[in-house]
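S.K.: Top to bottom, those sequences are chains A and B.
Letter by letter, the first sequence follows residues 1 to 235 in the UniProt record's numbering.
Letter by letter, the second sequence follows residues 1 to 235 in the UniProt record's numbering.
Read the hints as simulated data drawn from the structure, not as lab findings.
Cβ coordinates follow ideal geometry from the N, Cα and C atoms, glycine included.
Possibly wrong hints are sitting among the right ones.
[To be verified] Here are the simulated DSS-like cross-link-like pairs (lysine-lysine), alpha carbons at most 30 Å apart as the crow flies: (1) B:Lys162 with A:Lys46; (2) A:Lys172 with A:Lys194; (3) A:Lys172 with A:Lys46; (4) B:Lys172 with B:Lys162; (5) A:Lys46 with B:Lys15; (6) A:Lys15 with B:Lys15; (7) A:Lys46 with B:Lys46; (8) B:Lys194 with B:Lys15; (9) B:Lys101 with A:Lys174; (10) B:Lys15 with B:Lys172; (11) B:Lys174 with B:Lys62; (12) B:Lys174 with A:Lys162; (13) B:Lys101 with B:Lys62; (14) A:Lys101 with A:Lys174; (15) A:Lys101 with A:Lys172; (16) B:Lys101 with B:Lys46; (17) A:Lys172 with B:Lys62; (18) A:Lys194 with A:Lys15; (19) A:Lys62 with A:Lys101; (20) B:Lys162 with B:Lys15; (21) A:Lys62 with A:Lys194; (22) A:Lys62 with B:Lys15; (23) B:Lys62 with A:Lys174; (24) A:Lys172 with B:Lys15; (25) B:Lys172 with B:Lys194; (26) B:Lys174 with B:Lys101; (27) A:Lys172 with B:Lys162; (28) A:Lys162 with A:Lys174; (29) A:Lys172 with A:Lys162; (30) B:Lys46 with A:Lys194; (31) B:Lys46 with B:Lys194; (32) A:Lys194 with A:Lys174; (33) B:Lys172 with A:Lys172; (34) B:Lys174 with A:Lys174; (35) B:Lys101 with A:Lys46; (36) B:Lys15 with B:Lys62.
[Claimed, not checked] Beyond 10 Å from chain B on every Cβ pair, some chain A residues (computed): (37) Ala179; (38) Gly195; (39) Glu196; (40) Ala197.
Next come the chains, spelled out residue by residue.
Protein chains: 2
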Amino acid sequence: MVSIYQRIFTDIETKIISGIWRPGDCIPVERELVAQYQCSRMTVSKALSALAERGMIVRRRKTGSFVASPQIDRTVMDIQDISTEAELAGHEHHFEILARKIERLGEVEAQQLSEAADAEVLRLQCLHIVDGRPNAIERRIIMLDAVPRAREESFASTPPGKWLLQEVPWSKAKHVIRAVSADSATARILQTEKGEACLSLVRQTWQNGRTVTYVEFVHPGDRFQFAGTFHPMAN
Amino acid sequence: MVSIYQRIFTDIETKIISGIWRPGDCIPVERELVAQYQCSRMTVSKALSALAERGMIVRRRKTGSFVASPQIDRTVMDIQDISTEAELAGHEHHFEILARKIERLGEVEAQQLSEAADAEVLRLQCLHIVDGRPNAIERRIIMLDAVPRAREESFASTPPGKWLLQEVPWSKAKHVIRAVSADSATARILQTEKGEACLSLVRQTWQNGRTVTYVEFVHPGDRFQFAGTFHPMAN
DNA sequence: GCTCCGCTTTTGACTATACAAATAGATATA
DNA sequence: TATATCTATTTGTATAGTCAAAAGCGGAGC
């Protein structure tokens, strides 16, 4: 037995997560939702306020409420966009696509991702360069059945991470951060030495239970760190 | 011009953060707050619901609302208690205090922490052992003016992190995660090799703008990782 | 063209009230 | 004594309204 407020909340949330309503779309104004759910304005308002507080929608007087830009999660976002963040902080950032191919998932990887072994995927390898020095290797797998539009995307101008964030709305994400020693291939690409301590971030992202992407970033330890400030209250 | 709802929210939040109300304390029931703030029950309810949603208080029918156990931040908590988590996951965990001394903060460190150079601190070094193998070195500084009770605490039974979490309520926390190579002292303690990739987590915690503690955990890269699953909605 | 003014829509905050659900504690019953 | 039942308290959800603040829009006047 769910409350009306919860039903409105999850209904709208589902529409956003499933991609039916995309970022920037306007959602029905309170008046319309009141009519639709046959409830009072307070109830609708409570649901919309809760969605706004979680950053899923943005509310503006007179114009109505809109689906916000995807975030996955604020703290995750902090981690995710360190490269972009560096750029905003005045560092020059660009990237190169080292490899791009479409293939089917192998046995081992399929098990790792809990996906079917014959699933078609786009496999990418990118190098991120900040202030002229290699900052990260990105090895990414994109599930083509979940994101068919990736098939035609060249990723020439937009890095895959950013592109996916625009393309695929919210999702669940799992992160693993480890310290690893650079193998020779990695060391060569990152212009560092074999055995050098590197920071590895693996992220798997889901949308409605289906894997969207699996990515590993490897950063040279002397040129990179994750940082974040957390405090209980923003309001 | 702040709303009544926000005033109630921040008033209670302040009392919890400042430690006036400690975990487990009961907070005034809605009826009392209505009288105190001369507002309607809905307004009080909104403030308390918001506090509950952020995990600062727990609400129970008939008995009232109580200050929840400190969390700092849920995602941070996930990172923080990996050792404890390992224990819950069936691994045996214990720790040793390697060093414990009270001294005054040196110039360099003082600058690093943005604190006064002559501030009295408790300096701790611990070794965490999981399943018989060294899992982390913990190097910690506790500001004694912020946590005077640490002076008499031996940390024989409760690890410093856990003790502080019980002792000092919410706070702001800053995290930095890096990959570092083990120096010889670290390698010896962790029973690994010099130059081995290690994961370093530095955390500085504040309470009302004053530094409470500064700690660095160094984990051997082959025996440790941070993991976390995030999803937008819990409700 | 331009600015200013008022109208209207939409969200934000709040009130006063109602009833339902949970439950601790007292009371009655086997 | 142990168990079932009642009762009072507190939170949870919802209603139906009010007033205010923000902001887009159009028209009047220049």
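S.K.: Hints broken by the structure, by number, lowest first?
M.R.: 1, 2, 6, 8, 9, 11, 13, 16, 17, 18, 19, 21, 22, 23, 24, 25, 30, 31, 35, 37, 38, 39, 40
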